[in-house]
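Fit chain B to the given chain A structure using the hints.
Letter by letter, the chains look like this.
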Amino acid sequence: DTGVSQNPRHKITKRGQNVTFRCDPISEHNRLYWYRQTLGQGPEFLTYFQNEAQLEKSRLLSDRFSAERPKGSFSTLEIQRTEQGDSAMYLCASSFGRRVAEAFFGQGTRLTVV
Amino acid sequence: AQSVTQLDSQVPVFEEAPVELRCNYSSSVSVYLFWYVQYPNQGLQLLLKYLSGSTLVKGINGFEAEFNKSQTSFHLRKPSVHISDTAEYFCAVNTAGANNLFFGTGTRLTVIP
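If you're matching them up, the sequences are chains A and B in order.
Residues in the first sequence are numbered consecutively from 21, following the working numbering.
Residues in the second sequence are numbered consecutively from 65, following the working numbering.
This is chain A alone, in the form it adopts within the complex:
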């Protein structure tokens, strides 16, 4: 297993377009997290799944954002009607068991909204 995989690595889109990112976690990991990192800041928590259930969403996750994890495997994060403020690095992490302490991060998807 090569770790957490995220695609695409880079995405440039026009304001108002929809975008979708994919995260493939480490295969035996039941927990999956999405974070957003803007320039000069640390990552900020967006949402978390345990298996296929989305158990927590932060207030940063506006109604334009939706995340899914069908069958408890890969996950997608979709942003509708993108805005320039959505430009950021979107990071996915996964862990096994109940503790976030063991989370492994992917390399991220960098979104640029022009």
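If you are wondering where the hints come from, they were derived from the structure by calculation, not from laboratory data.
Glycine is no exception: its CB is placed at the ideal position from the N, C-alpha and C atoms.
Errors might be hidden in some of the hints.
To be verified - Looking from chain B toward chain A, a few residues come up when the C-beta cut is under 10 Å (computed): (1) Val93; (2) Tyr96; (3) Tyr100; (4) Gly107; (5) Leu110; (6) Leu115; (7) Asn163; (8) Gly170.
Said to hold, decoys possible - Far from chain B, by Cβ distances over 12 Å, these chain A residues were calculated: (9) Ser82; (10) Arg84; (11) Phe94; (12) Glu122; (13) Val133.
As the list claims (entries may be wrong) - Covered by chain B, per the in silico footprint, the following chain A stretches (three or more residues, Cβ under 8 Å): (14) 58–67; (15) 123–131.
Below, chain B alone, put in the same frame as chain A:
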């Protein structure tokens, strides 16, 4: 509520010199503490973590950190840095029962040849 403060946004240091990156946290409940490193255009890599037990934690690449509960600090240290240590370093906390990590704003370490 919890917070993480990384006191230095940038730390320049000469190669083979020691370095300390500072991290202070606040939380009303018990915490787990972490240091991550991020190279340009990459994700986060775990350097070390404190969950319980010995307050001196050793991590990868020769880094270590000490948990000081009375000073609510978790400073990262390395006795001799290399050019390859140039990166962004993030301190993070996880409070008991929480499902996410809360990150500081990062410290950019630049190692000067």
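Consistency of the hints with the structure:
| no. | hint | result |
| --- | --- | --- |
| 1 | Val93 | violated (15 Å) |
| 2 | Tyr96 | holds (6 Å) |
| 3 | Tyr100 | holds (8 Å) |
| 4 | Gly107 | holds (4 Å) |
| 5 | Leu110 | holds (8 Å) |
| 6 | Leu115 | holds (6 Å) |
| 7 | Asn163 | holds (5 Å) |
| 8 | Gly170 | holds (5 Å) |
| 9 | Ser82 | holds (18 Å) |
| 10 | Arg84 | holds (21 Å) |
| 11 | Phe94 | holds (16 Å) |
| 12 | Glu122 | violated (9 Å) |
| 13 | Val133 | holds (18 Å) |
| 14 | 58–67 | holds (count 6) |
| 15 | 123–131 | holds (count 7) |
Against the hints set out earlier in the document, violations occur for numbers 1, 12.
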